[in-house]
Amino acid sequence: MRRLAELRIRTRLTIIIVMTCTIALLLAGVIIVAYDNHTYQSQKEKSLSAQAKILASAMTASLEFDDSRAAQEYLAQLATNPQIIVAAVYKSNGTLFASYSSSTSVQPPNLAEPQGSRVEGNQVIISSSILQGQRQVGSVYLQASIESLLSRITRYGGIFLLAIGVALLLTLPIALRLHYAIANPIYARSLIEASLDPLITISPNGEITDVNSATIDATGISRDKLIGTDFSNYFTEPTKAKESYLQVFKEGAVTDYPLTIRNINGKLIDVLYNASVYKDEHGEVLGVFAAARDVTARKQAELEINRRTAELQVANQELEAFSYSVSHDLRAPLRAIDGFSLALLEDCSDMLDDMGKGYLSRVRAATQRMGQLIDDMLELARISRVEMRHEAINLSTIAMEVLLDLKKSDENREVEWDVQPDLIAMGDPRLLRVVLDNLIGNAWKYTSRQSHPHIEFGAMSNPEGVTDYFVRDNGAGFNMTYADKLFGAFQRLHATTEFPGTGVGLAIVQRIIHRHGGRVRGEGVPDQGATFYFSLPK
Amino acid sequence: MAYSNPITLFIALTIAALPCYAAIADKSLEYKVKAAFLYKFSAYVDWPVTAFSSPTSPFSVCLVDSNDQFNATLEKVVNGENVNGHPVVVRRINTVENEAGCHILYIGASNPQRTAQVIEAVHNSYALTVCDGASRGIIDFLIVDNRVRFNIDDEAAKQKGLVISSKLLSLALNVKRRASKTE
Numbered sequence: 001m002r003r004l005a006e007l008r009i010r011t012r013l014t015i016i017i018v019m020t021c022t023i024a025l026l027l028a029g030v031i032i033v034a035y036d037n038h039t040y041q042s043q044k045e046k047s048l049s050a051q052a053k054i055l056a057s058a059m060t061a062s063l064e065f066d067d068s069r070a071a072q073e074y075l076a077q078l079a080t081n082p083q084i085i086v087a088a089v090y091k092s093n094g095t096l097f098a099s100y101s102s103s104t105s106v107q108p109p110n111l112a113e114p115q116g117s118r119v120e121g122n123q124v125i126i127s128s129s130i131l132q133g134q135r136q137v138g139s140v141y142l143q144a145s146i147e148s149l150l151s152r153i154t155r156y157g158g159i160f161l162l163a164i165g166v167a168l169l170l171t172l173p174i175a176l177r178l179h180y181a182i183a184n185p186i187y188a189r190s191l192i193e194a195s196l197d198p199l200i201t202i203s204p205n206g207e208i209t210d211v212n213s214a215t216i217d218a219t220g221i222s223r224d225k226l227i228g229t230d231f232s233n234y235f236t237e238p239t240k241a242k243e244s245y246l247q248v249f250k251e252g253a254v255t256d257y258p259l260t261i262r263n264i265n266g267k268l269i270d271v272l273y274n275a276s277v278y279k280d281e282h283g284e285v286l287g288v289f290a291a292a293r294d295v296t297a298r299k300q301a302e303l304e305i306n307r308r309t310a311e312l313q314v315a316n317q318e319l320e321a322f323s324y325s326v327s328h329d330l331r332a333p334l335r336a337i338d339g340f341s342l343a344l345l346e347d348c349s350d351m352l353d354d355m356g357k358g359y360l361s362r363v364r365a366a367t368q369r370m371g372q373l374i375d376d377m378l379e380l381a382r383i384s385r386v387e388m389r390h391e392a393i394n395l396s397t398i399a400m401e402v403l404l405d406l407k408k409s410d411e412n413r414e415v416e417w418d419v420q421p422d423l424i425a426m427g428d429p430r431l432l433r434v435v436l437d438n439l440i441g442n443a444w445k446y447t448s449r450q451s452h453p454h455i456e457f458g459a460m461s462n463p464e465g466v467t468d469y470f471v472r473d474n475g476a477g478f479n480m481t482y483a484d485k486l487f488g489a490f491q492r493l494h495a496t497t498e499f500p501g502t503g504v505g506l507a508i509v510q511r512i513i514h515r516h517g518g519r520v521r522g523e524g525v526p527d528q529g530a531t532f533y534f535s536l537p538k
Numbered sequence: 001m002a003y004s005n006p007i008t009l010f011i012a013l014t015i016a017a018l019p020c021y022a023a024i025a026d027k028s029l030e031y032k033v034k035a036a037f038l039y040k041f042s043a044y045v046d047w048p049v050t051a052f053s054s055p056t057s058p059f060s061v062c063l064v065d066s067n068d069q070f071n072a073t074l075e076k077v078v079n080g081e082n083v084n085g086h087p088v089v090v091r092r093i094n095t096v097e098n099e100a101g102c103h104i105l106y107i108g109a110s111n112p113q114r115t116a117q118v119i120e121a122v123h124n125s126y127a128l129t130v131c132d133g134a135s136r137g138i139i140d141f142l143i144v145d146n147r148v149r150f151n152i153d154d155e156a157a158k159q160k161g162l163v164i165s166s167k168l169l170s171l172a173l174n175v176k177r178r179a180s181k182t183e
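Protein chains in written order, with our numbering: chain B, 1 to 538; chain E, 1 to 183.
Derived from the structure by calculation, the hints contain no laboratory data.
Worth double-checking, as some hints may not be accurate.
No farther apart than 30 Å at their CA atoms in a straight line, the calculated lysine-lysine pairs in the DSBU-like style are these [claimed, not checked]:
(1) Lys225/B / Lys240/B
(2) Lys91/B / Lys167/E
(3) Lys32/E / Lys91/B
(4) Lys91/B / Lys27/E
(5) Lys445/B / Lys408/B
(6) Lys167/E / Lys53/B
(7) Lys76/E / Lys91/B
(8) Lys267/B / Lys242/B
(9) Lys32/E / Lys167/E
(10) Lys91/B / Lys40/E
(11) Lys40/E / Lys53/B
(12) Lys167/E / Lys44/B
(13) Lys167/E / Lys46/B
Generate the whole structure from the sequences, applying the supplied hints.
What follows is the structure, encoded as structure tokens:
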């Protein structure tokens, strides 16, 4: 039966139909012919016996009244039955009374035969007594030909063979046409061929049994040359390929098994194999069905990512080195400028007039400002690099601390504030402190000209359903037309003379919030106030 | 010529009688056949039920004016036989009356007047009349080609209520068919 499974389905179907038809008709034929033969002879004997008896009854009168001519005339009518060879009537003493024979070569026996019937070759011979009441007045002899058994068998056999031939002639084409509906599902095959993934079936000994066109493209080898060959031949690591299908046979399936196909033109294709065993209707494993997923693009993307990550790391390291050198190398001259300016102010104050002292103060202010700028730049750079923690933080507490600190450093100012309590968010506590330092610090700064400064910190849901935290003040505000410049580094919408600052604060806030995955924006109305919103995803 | 010599007379007489011997020998065979036929007729004729007083009442074969040889032969043929359970009885009668109760009546006389008389007498009975060449009975024997044949008057049989089998009719030389009912 295994060999049957390997033949083409069309051949299988043909064999099945031929065998079934032949066996069925042969069996029927044998049974019918055997039965017929068995009963033919006895049937013929019976029918001829009946004929003999009819003949006998018709002969009684002519026998009794010794009218052999009447008897002869009657017997002559038997010529109408071509099967009757000889018919004869005998008197009670056994002598011939009247007879008929179909040919001159055959003659009836001279004396009456004993009563009975028998079959000789292909003839039936019947001898029957003629009775009048209880007396036997004579006997009738009938000899007829019957078909020989051999010729009957031959004839019926011939008929059945003809029937088989006709049946096959009619059923085979019909079946073969219909077999396309069941055994050659065009739909399923076209799906297999349409698949972009190389599909393949492997026999238990590792030989390829079927491929689709994607496999032919991937390997660069034609279907005929692929089938029957070893699966592992077409990979850069044949041992690994072999192990893969052995694993499928052992465990039933294998997923995302990485291999590299080697095309005949040298091109290498990285793939991930998904494979499983398939079975016949008895649950016997017939082979492995494997699909390859081309992952070359993905691999290249991975390589690219790795490369860029490496580049980034290098860039980061360079930036660290740069920042370090900036913090030292730039500061050193600054310290010198500031230091010596101070020295001049203190030690040579009697040699300087007010204008001179004024100049030196301005120099010092400038250096201090530059120092601040450097610190802020370093801070901005640091913010980008520092490792982030991720924990639950009470923003309200932090906001309160920031406000208290500001109050402590500037006790003369009366500032009202409103802090919504118990606002918990997920993020890095140090970085978020920096955010609130900057935003609330800004609010404090830009309300310095207000008579009744008011700062608010709270949370609300924005139209997208995300929680927005906000810091609101009623200070100087800003013109919304310049809103896009707000978060740019070193961008300021106010002169330093109006409000001090380096313009890096909001850039720092934006960088931190973006690292948390949130968004930040600002709204302002000149001389009325500003509100800054930021969101922190969970 | 004077028959003075008795031996020559004897020889002459014997010679003269020779044909008679032959004739007598032939005749004996003829009687035998006719007697056999007479009995055999009974198998091919149906008598009305009224012809028998009981299921075992005798079947009478009556002989009128028949010779002794014929009688002896007939007695031998029918000895112990029966017709449908009726034992066969042979009776020799001289005068015939209607109530003689004969089933078969054989008239051996060659005298046509006598034959006609007898037949007339049993005209209303159910007797199957058999004659010798007189063409008066239902069945008439005749000799053709040295063989005993017979004619049958089926019309007369019908009038007596007798039914004759077609097998017998087919063997008769001449048959006077009975008139069919639709006539």
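Comparing the hints with the structure gives:
| no. | hint | result |
| --- | --- | --- |
| 1 | Lys225/B / Lys240/B | holds (22 Å) |
| 2 | Lys91/B / Lys167/E | holds (18 Å) |
| 3 | Lys32/E / Lys91/B | holds (17 Å) |
| 4 | Lys91/B / Lys27/E | holds (23 Å) |
| 5 | Lys445/B / Lys408/B | holds (14 Å) |
| 6 | Lys167/E / Lys53/B | holds (16 Å) |
| 7 | Lys76/E / Lys91/B | holds (20 Å) |
| 8 | Lys267/B / Lys242/B | holds (21 Å) |
| 9 | Lys32/E / Lys167/E | holds (22 Å) |
| 10 | Lys91/B / Lys40/E | holds (15 Å) |
| 11 | Lys40/E / Lys53/B | holds (21 Å) |
| 12 | Lys167/E / Lys44/B | holds (28 Å) |
| 13 | Lys167/E / Lys46/B | holds (26 Å) |
Hint compliance for this structure: every hint is met.
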